[in-house]
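The primary structure of each chain is shown beneath.
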Amino acid sequence: GAGVSQSPSNKVTEKGKDVELRCDPISGHTALYWYRQSLGQGLEFLIYFQGNSAPDKSGLPSDRFSAERTGGSVSTLTIQRTQQEDSAVYLCASSPRALPREQYFGPGTRLTVT
Amino acid sequence: AQSVAQPEDQVNVAEGNPLTVKCTYSVSGNPYLFWYVQYPNRGLQFLLKYITGDNLVKGSYGFEAEFNKSQTSFHLKKPSALVSDSALYFCAVSLYTGNQFYFGTGTSLTVIP
Numbered sequence: 292g293a294g295v296s297q298s299p300s301n302k303v304t305e306k307g308k309d310v311e312l313r314c315d316p317i318s319g320h321t322a323l324y325w326y327r328q329s330l331g332q333g334l335e336f337l338i339y340f341q342g343n344s345a346p347d348k349s350g351l352p353s354d355r356f357s358a359e360r361t362g363g364s365v366s367t368l369t370i371q372r373t374q375q376e377d378s379a380v381y382l383c384a385s386s387p388r389a390l391p392r393e394q395y396f397g398p399g400t401r402l403t404v405t
Numbered sequence: 016a017q018s019v020a021q022p023e024d025q026v027n028v029a030e031g032n033p034l035t036v037k038c039t040y041s042v043s044g045n046p047y048l049f050w051y052v053q054y055p056n057r058g059l060q061f062l063l064k065y066i067t068g069d070n071l072v073k074g075s076y077g078f079e080a081e082f083n084k085s086q087t088s089f090h091l092k093k094p095s096a097l098v099s100d101s102a103l104y105f106c107a108v109s110l111y112t113g114n115q116f117y118f119g120t121g122t123s124l125t126v127i128p
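Chains A and B supply the protein sequences, listed in that same order.
Here the working numbering is used: the first residue of the first sequence is 292, the next is one more, and so on.
Here the working numbering is used: the first residue of the second sequence is 16, the next is one more, and so on.
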């Protein structure tokens, strides 16, 4: 079956512009995660959605970052007024409800802020 | 606070030799433990997990990992390395009751022909 997909695969934007990154999880997976991976760094947790519950936003680095998940499926991560330090690969993962929740990752979106 | 440590940024091993990629964790509770692999310009792929039961778990591509509760470690191993195993490896921990996954900083494995 289809895996997690993300779009765009690459995004170059100017400092100060807003960007939207999209994630399509595996069908039937109720949990969805966003991570940020900077060069030479591990994965930084950003936000977590589980079904219709309120999302866990504890990892969002600033109020310029927001995410939504419509209909329990597709998710959009929005970064407003992008800064150069936002440049990174943004990874999305989904997992089934049942424990243990191993995650299935998308290929990522490489964001470059110039 | 929960954390995962991968003490080696880089591991080099000759093709055909056994390999070990180290991982230790610190959690307040019972952990689920995972290994993921990331090939260049790709997302992370799930390799294996420890939930409960046998301390030695087997996963994809001939990899295995040993859970050691007393040492709070979950080292990844393979008896005979292949050049195609060269990649970035991440250890992760999750709690029975938690939502978050905690990832290590990754270990770059290079298998030398």
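Check each hint, because a few of them may be wrong.
What the hints assert, rightly or not - Partial chain B-side listing against chain A, Cβ under 10 Å, derived:
hint : residue
1    : V19
2    : Y65
3    : K84
4    : S109
5    : Y117
Rather than coming from a laboratory, the hints here were simulated on the basis of the structure.
Note that CB positions come from ideal geometry on N, CA and C, so glycine has one too.
Could you work out which of the previously given hints the structure breaks and list their numbers from low to high? 3
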